[in-house]
Amino acid sequence: MNGRRNWVLSIVAIVVSAVVFLVPFAFIVLMAGKDRAQASLLDFSWPHQLQFVRNFADVVEARDYMLIIAYINSTVLTVASVAGMVVLAAMVAFVLQRRPGRWGGLVNFLVLAGLIVPPAVVPTIWVLKGTGTFGTMPGLILVEIAFGLSFCVLLFRAFIATIPRELDEAAVIDGAGPLRLFFRVIFPLLRSVIITAVVVQSVTVFNDFVNPLYFLPGDPTVQLTLYNFAGQYTSEYNLLFMNILLITVPPLVMFLFFNRRIVAGMTAGAIKG
Amino acid sequence: MKSPYPRWFYLPAALVYAVLFVVPTFASFYFSLTRWTIFESHFIGLDNFVTFFQEPALVKGFVNTLIYGVVTSGLKVVIGLGLAVLLTGRIAARGYLRSVVFFPVLVSTIGVGLTFTVLMNPERGLINQALGTVGVDGPGWLTDPAYALLSVALVDVWKGVGLATLIFIAGIVSIPQEYFEAARTDGASAWDMFRNITLPLARPATVTVVILSLIGGLRSFDLIWAMTRGGPGFTSDVVASVIYKQYQAGFAGLSTAGNVVLFVIVTAIVLPLSRFLNRKEVEL
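Read top to bottom, the protein sequences are chains L and B. Add 1030 to the 1-based position in the first sequence for this note's numbering, that's all there is to it. Add 4 to the 1-based position in the second sequence for this note's numbering, that's all there is to it.
If we strip away everything but chain L, and leave its shape as in the complex, we get (with noise of 0.2 angstroms):
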């Protein structure tokens, strides 16, 4: 009826978002930005001194350059599982759609079933440790792919049912067979889902903590550095508030850039979970 906008509700909606929302991220800048002995009063106030520099070095250098491995660890880790569920849970969407029936049902089962069910954390170490994976990288990518498959698929599969079937049987007529039909024509076709899916999988694998504290001990990822970080420089905040700030900075890249396909992706995953 009347398009006015609601000034007065706005201007609250504005500080009260702003205080509850922004001012934690504003904290983590600021605290990031401090020396030592400010950084320990924990208030929010501007750094007598910026020395962000010099925290990001002191960050970067402690304990042998471990953020550097860990970020090396975590961008294997992220890059090489979201391959892989994408792929395989895109094969599994293209045949599920095309061909339900009684093997579709119990595809879909199982689905339904990696969205719901925790994890079975030590069966799982015994299973990586027989098979000779336990804290490895291998084994903790594959454990991400099982985990990962479920979201992937019913991403795919909402997306397939809207790509028409004459394709495939023009594909077929034209002498390809199912990996050419599926690499050469559906796959490309999937582009935007795949991109959406990437996005909202690596955000996801590059936050995880639990698998890799339970599944790789050895070797360092950034959640896990950081919250190791935690425990033993429990004085020097500065330090810490630098760390989680650095930590921050890829989902914020994926967010400024994806922004449209992280919202269509969550939503759409969920609203027909």
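These are computed hints drawn from the structure, not numbers from a lab. Treat the hints loosely; a few may be bogus.
Reference excerpt, derived from the structure (chain B facing chain L, CB under 10 angstroms, subset only) [what the hints assert, rightly or not]:
| no. | residue |
| --- | --- |
| 1 | V81 |
| 2 | V82 |
| 3 | L101 |
| 4 | V122 |
| 5 | I173 |
| 6 | I179 |
| 7 | Y183 |
| 8 | R223 |
| 9 | T271 |
Per the computed footprint, the stretches of chain B lying under chain L, defined by three or more beta-carbons under 8 angstroms from a beta-carbon of chain L, are [stated by the list, open to error]:
| no. | stretch |
| --- | --- |
| 10 | 31-41 |
| 11 | 127-134 |
| 12 | 142-156 |
| 13 | 255-262 |
For every residue, glycine included, the Cβ atom is placed at its ideal position computed from N, Cα and C.
We have chain L; now place chain B onto it with these hints.
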């Protein structure tokens, strides 16, 4: 002719999924009945479960899991719906508000946990300092056993409400505008429209938020571990943190029994609830 959709496409995913998810899940039912060191197991019947429901620390974890799940998902529904109505209404700076509410969803849980641990420091923390300036004596959020679990739950809501809001926004936006216009012509108030149009027609979104946040809340581990490690004492322990503690202490069988308990809690709550909520869905 052979199908262009061969079932062996399932195979690679099925292999990974079976070995690392299905097998451990079934194995957990057996190992929960044993005294186990990962290398050797010794069948002891239901002893682990008896221990689980007799040891006060473990019972506390069980009760806390239920409280945590209900509180976080309840608050996410109420606040998420409120924010979604606000953000689909006549308000300025919508894009900014949506972004700001959603961003914490993407941030590392450990980072959020450590930040709020500092903000909730009883003497020097920003929250109690701010409360102090208006004359309120803030509690020891994480150090007082009466508040620790609820404080962590509040941070969980802070971090997760953005996703709930987004899902509600998607639900509200899909309601045809004509309904609101018709109601307005009939002289309905904003509250009438919310009560009789938005609430019933956004039901699928509500169901999704309830189910998703319950699954997440009941299984939650990292935020609690980063903020209190189940403390003070074991007052903010949940089943997931008990599983970790027992594993670290070398009681693999007891830890796995905890996993089975968690499995039962999640399925016993989520499955009937989703069936019940989905059945009463309204027709558009």
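Evaluation of the provided hints:
1. V81: 14 angstroms, violated
2. V82: Status violated, d = 15 angstroms.
3. L101: 6 angstroms, holds
4. V122: Where the cut-off is 10 angstroms and the nearest Cβ of chain L is about 6 angstroms from V122 of chain B, the hint holds.
5. I173: This hint holds: I173 of chain B lies near chain L, its Cβ roughly 8 angstroms from the closest one there, short of 10 angstroms.
6. I179: 14 angstroms, violated
7. Y183: Check failed: Cβ of Y183 of chain B comes no nearer than 14 angstroms to chain L, outside 10 angstroms.
8. R223: Status holds, d = 5 angstroms.
9. T271: 7 angstroms, holds
10. 31-41: holds (count 4)
11. 127-134: Holds, because 4 residues of the stretch 127-134 of chain B bring their Cβ atoms closer than 8 angstroms to Cβ atoms of chain L.
12. 142-156: With 0 residues close enough to chain L, the hint is violated.
13. 255-262: holds (count 3)
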